[in-house]
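Q: Residue-level listing of the chains:
There are 2 protein chains.
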Amino acid sequence: MDLPSSLLDQAVEQFASLPGIGRKTALRLALHLLKQSPEEVSAFGNAFIRMRNEVQFCSRCHNLCETELCSICRNPKREVALLCVVEDMRDIIAVENTQQFKGFYHVLGGVISPMDGVGPNDLQIESLVNRVAEGEIKEVILALSTTMEGDTTNFYLYKKLAPFEVNITTIARGVAIGDELEYTDEVTLGRSILHRTPYEATLSR
Amino acid sequence: MDLPSSLLDQAVEQFASLPGIGRKTALRLALHLLKQSPEEVSAFGNAFIRMRNEVQFCSRCHNLCETELCSICRNPKREVALLCVVEDMRDIIAVENTQQFKGFYHVLGGVISPMDGVGPNDLQIESLVNRVAEGEIKEVILALSTTMEGDTTNFYLYKKLAPFEVNITTIARGVAIGDELEYTDEVTLGRSILHRTPYEATLSR
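So the protein lines, in turn, are chains S and A. According to this note's numbering, the first sequence is numbered sequentially starting from 1. According to this note's numbering, the second sequence is numbered sequentially starting from 1.
It is worth saying that the hints were derived from the structure and are not from the lab. Errors might be hidden in some of the hints.
Since the list can't tell identical chains apart, any single copy or any two copies may satisfy a pair.
What the hints assert, rightly or not - Derived lysine-lysine pairs resembling BS3-like cross-links, with alpha carbons at most 30 Å apart:
1. LYS160 x LYS35
2. LYS138 x LYS35
3. LYS160 x LYS24
4. LYS35 x LYS24
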């Protein structure tokens, strides 16, 4: 049966256009909004419109921000020599939460994926090369997904950055802390044996 | 870590205010919107604002609509003698999908629930009594949830409608079609034995 109101139908369609939200959930969300006051719904809808229109991207690292430079790029206490390359903003949050990294970031905006029509020119690779070319960065840490696309992008960046005097590293891959060997997949376990670390190094943490 | 933009943060907050959506999902949804064009996001936000401001309720059955009467109440082919009482609009869709009911509906807007501060006066009970008092309705089918609140509401409506010459029925409760007895809960199975139906009645379908 069709919905009794085309306005409701449009709201449901909009919710259902979001990733991971089906029509049943969309209807539940739309009916939830109908029970809110008009002011609350107005604030709800306008929050997205304002965000889309006013959010900017940091001119240096391409993180989201509301000013020319993001709060991390403006922080003089961070280490200029270290640069962490990530896919998107959520990865910055994840790395920041570890409190293990005090350098700067560079957001690519995705990974090279010919299947999805994403080529090197769609990503912030040129600006990364320019940053490295300035000479202040001593180490570039590639922190991309361990997918085929991530690996391809890693290799492409490695080739692009090879002419410069800079160490290129990737974050360690291995058995997650708390995981049991029995349930770890073979590729991960194999890699963690291949790239084993001196025991003393684990003590210093 | 805080989000790098208060605008993004507000959008995430708004998504997270929806039932069943946590902050991680909210962030994913907000970042999805950031990748859409400003026009698309504008259509997204405005769909909810328009819906909230312009949707009306049918003056007879309290279903959602955009005119004085909803499409079901305006349909002259439906049976005036049958009235199905439901909690909310979604139940109308569910009943309509069965194609087994050709009467009219009455949307209560919820069930009596003192715990949630919902009393009889918060529901469309008076207008239901008025509709029944008109005398055209011969049977009122109570199709509320089988919760304690639903049962309480059923009993309250039964008392309110008892003075009128009208049959009051509830939808059948029993083992769902396709279910195995082994996995049916005792209360449902017990009820389905108590309210067993003549075998011939099941053949006529």
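Q: Within a copy, between copies, both or neither: which one fits LYS35 and LYS24 at a CA-CA cutoff of 30 Å?
A: both (17 Å within a copy, 24 Å between copies)
Q: Reference check for the pair LYS160 and LYS24, CA-CA at most 30 Å: within, between, both, or neither?
A: neither (47 Å within a copy, 34 Å between copies)
Q: Within, between, both or neither: how does the pair LYS138, LYS35 come out at a Cα-Cα threshold of 30 Å?
A: neither (56 Å within a copy, 32 Å between copies)
Q: Check LYS160 against LYS35 for me: Cα-Cα at most 30 Å, and say if that holds within a copy, between copies, both or neither.
A: between (55 Å within a copy, 27 Å between copies)
Violated hints for the displayed structure, listed by number in ascending order: 2 and 3.
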